[in-house]
Amino acid sequence: MAEPRRLLPLEISELSFRINGRTLIDRVSLTIRPGTRTVILGPNGAGKSVLMRLAHGLLDPSAGRIRWNVPEPRPREQAMVFQRPVMLRRSARANIEYALKLAGVPGRERADRAAAALARVGLERIARSPARVLSGGEQQRLALARAWALDPQVMFLDEPTASLDPGAAREVEDIIQAIHETGTKIVMSTHNLGQARRLADDILYLQAGRIEESATAAEFFRQPRTAHATAFIQGELPWH
Amino acid sequence: MQEISQAIAAAAALVGSGDSKLVAIMLLSLRVSLCAVLLSALIGLPLGAALAIGRFAGRQTLTVILNAFMGLPPVVVGLFVYLMLSRAGPLGQFGLLFTPTAMVIAQVVLITPIIAALARQIVADAWQDYAEQLKSLGAGFTQSVRTLIWDTRFSLLTVLLAGFGRAVAEVGAVMIVGGNIDGVTRVMTTAIALETSRGDLPLALALGLILIALVLLLNTCAHLIRQTAQRRYG
Ligand SMILES: Nc1ncnc2c1ncn2[C@@H]1O[C@H](COP(=O)(O)OP(=O)(O)OP(=O)(O)O)[C@@H](O)[C@H]1O
Ligand SMILES: [Mg+2]
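Top line first, the protein sequences correspond to chains D and H.
Quick note: the working numbering has the first sequence finishing at residue 240, numbered continuously throughout.
Quick note: the working numbering has the second sequence finishing at residue 1234, numbered continuously throughout.
Note that these hints are calculated values from the structure, not bench results.
Treat each hint with caution, since some may be false.
Claimed, not checked - Rough simulated footprint, nothing fancy, chain H against chain D, three-plus residues with beta-carbon under 8 Å:
| id | segment |
| --- | --- |
| 1 | 13-27 |
| 2 | 126-136 |
To be verified - Calculated lysine to any residue pairs in the SDA-like style (CA-CA distance at most 25 Å, straight line):
| id | chain 1 | residue 1 | chain 2 | residue 2 |
| --- | --- | --- | --- | --- |
| 3 | H | Lys1135 | D | Ala103 |
| 4 | D | Lys101 | H | Gly1208 |
| 5 | D | Lys101 | H | Ala1213 |
| 6 | D | Lys101 | H | Arg1146 |
| 7 | H | Lys1135 | D | Ile233 |
| 8 | H | Lys1135 | D | Arg65 |
| 9 | H | Lys1135 | D | Thr226 |
| 10 | H | Lys1021 | H | Ile1149 |
| 11 | H | Lys1135 | D | Arg67 |
| 12 | H | Lys1135 | H | Arg1059 |
| 13 | H | Lys1021 | H | Gly1208 |
| 14 | D | Lys101 | D | Ser62 |
| 15 | H | Lys1135 | D | Glu219 |
| 16 | H | Lys1135 | D | Arg197 |
| 17 | H | Lys1021 | H | Arg1146 |
| 18 | H | Lys1135 | D | Glu77 |
| 19 | D | Lys101 | D | Gly64 |
| 20 | H | Lys1135 | D | Thr230 |
| 21 | D | Lys101 | D | Arg33 |
| 22 | H | Lys1135 | D | Ser62 |
As the structure is a computational prediction, the values presented were derived from the model and not from experiment.
C-beta atoms are modelled at their ideal positions from N, C-alpha and C, and glycine is treated no differently.
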């Protein structure tokens, strides 16, 4: 078997995104390396979701470059779970099978892989339930299972626990940890500091479309270098 | 007043007895309109979906035209199809005028814009929700169209029911292209028009009652489909 193509590192240089005269991402440069869990921190409206959409390939940059280590990453190689995941009007398992089908997984393998993916997130019992009537927490886990089933090298997770209760949030954090341990690179956004402390290896601190800090989690939480980040950590409202 | 109540009683008796002429007219109506709605679905649903998510030149224009065509007066559609099918018309050689096929064609012209326009709206709304997720999973244009049609299947089914209701209740177009020939192209609406003008109120009323019942039934179905789908699939 051929050596799998390595997507990482991902080099982002001087990336800007403008729309309707507003600059949402402002000359961002960063490198995403394999192995660690990278957490993008920042207040509401900082541009976390936009930055991930750009990296995932859903938005086209206004300026700058997004360069993977391979020419054209396929969807199955780098997956994304959205802040509000969209479930198709079919069963939980069929949602995963759908993603596998689009990823080119042969028909006879899909059912087994979907079942395994559901089991990994503890949803085997609701495999046949219509996905859209599941609870918020179950839908979030299903969204993770759907992305994980593709066995991607990189997974972008946009606020994976926003609007979940603490119990459901912990379940999702455990799943993220498990995904990390299978070797998939985690890039996730959150504005939940506790979650960042629990999960992050690296922190990217984003404010008003700019990366203000890039540090290891230990460094960042011990001694943030910018006033914005300090205020954010101390829980002050970060009005500029 | 008495005349009316007598007519209603006679109509009810006619419906109850399963009068063969009545049944034949009813079946032809159903057959013509079912064919029309099936053909319109084959054209209208993909067209509506493509307009909803496609990014091609002329899309806006086509959408405006489609919406305008929703309100086409049936007699004008009838006249247009008549001209197409008449001996001197471009399709005259097929000899379709005054056949059930002609009526199907007229109804297709009438309801395809309705089905396409309503489908466009439904699919466009779903696309708002789904676009990023489908793109993220790697769905191309055709795949997206198929997925959206399948995922909005219950709403689209109610659109088809609405199209059927419109087709079966329409009189102007089928009168012109069908000719209301007894035993050949006489459907419920044209029969009602004729029998009323001839003064045979019981038959007209009996057909009217059936038509009303049919429309009620269609709307009940549409309502139940929507409700069940919402409860079962979210
Ligand atoms: N498609 C768009 N068109 C116009 N403005 C947009 C668009 N997408 C995002 N924005 C704006 O860009 C800014 C950043 O949005 P983004 O969703 O990335 O923030 P965020 O950091 O993810 O915030 P949150 O923590 O609330 O999710 C916001 O002010 C938002 O209103
Ligand atoms: Mg966001």
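* Please work out if lysine 1135 of chain H and isoleucine 233 of chain D have their alpha carbons no farther apart than 25 Å. => Violated, because 35 Å separates the two Cα atoms, which is more than 25 Å.
* Asked: Between lysine 1135 of chain H and threonine 230 of chain D, does the CA-CA distance stay at or below 25 Å?
  -> 37 Å, violated
* Straight-line alpha-carbon gap lysine 101 of chain D to glycine 64 of chain D, limit 25 Å -> Judged against 25 Å, a Cα distance of about 33 Å means the pair is violated.
* 25 Å Cα cutoff - pair lysine 1135 of chain H, threonine 226 of chain D -> The hint is violated at about 37 Å.
* Is the hinted pair lysine 1135 of chain H and arginine 1059 of chain H satisfied, with a Cα-Cα distance of at most 25 Å? -> 21 Å, holds
* Do the alpha carbons of lysine 101 of chain D and serine 62 of chain D lie within 25 Å of each other, as the hint requires? -> Roughly 32 Å separates the two Cα atoms, so the pair is violated.
* **25 Å Cα cutoff - pair lysine 101 of chain D, glycine 1208 of chain H** => Between lysine 101 of chain D and glycine 1208 of chain H the Cα gap is close to 51 Å, so the pair fails against 25 Å, i.e. violated.
* **Restraint status (C-alpha distance of lysine 101 of chain D to arginine 33 of chain D at most 25 Å)** => Violated: lysine 101 of chain D and arginine 33 of chain D sit about 29 Å apart, past 25 Å.
* Does arginine 1146 of chain H lie within 25 Å of lysine 1021 of chain H when you go C-alpha to C-alpha? -> Violated: lysine 1021 of chain H and arginine 1146 of chain H sit about 43 Å apart, past 25 Å.
* Whether chain H covers the segment 126-136 of chain D (at least 3 residues having a Cβ closer than 8 Å to its Cβ atoms) -> Holds, because 4 residues of the segment 126-136 of chain D bring their Cβ atoms closer than 8 Å to Cβ atoms of chain H.
* **Satisfaction of hint between glutamate 77 of chain D and lysine 1135 of chain H, Cα-Cα up to 25 Å** => Holds - the C-alpha atoms of glutamate 77 of chain D and lysine 1135 of chain H are around 14 Å apart, at most 25 Å.
* To do: Take the C-alpha atoms of lysine 101 of chain D and alanine 1213 of chain H, compute the straight-line distance between them, and say whether it is at most 25 Å.
  => Violated. Lysine 101 of chain D to alanine 1213 of chain H sits at ~45 Å, over the 25 Å cutoff.
Of the numbered hints listed earlier, those contradicted by the structure are 1, 4, 5, 7, 9, 10, 14, 15, 16, 17, 19, 20, 21.
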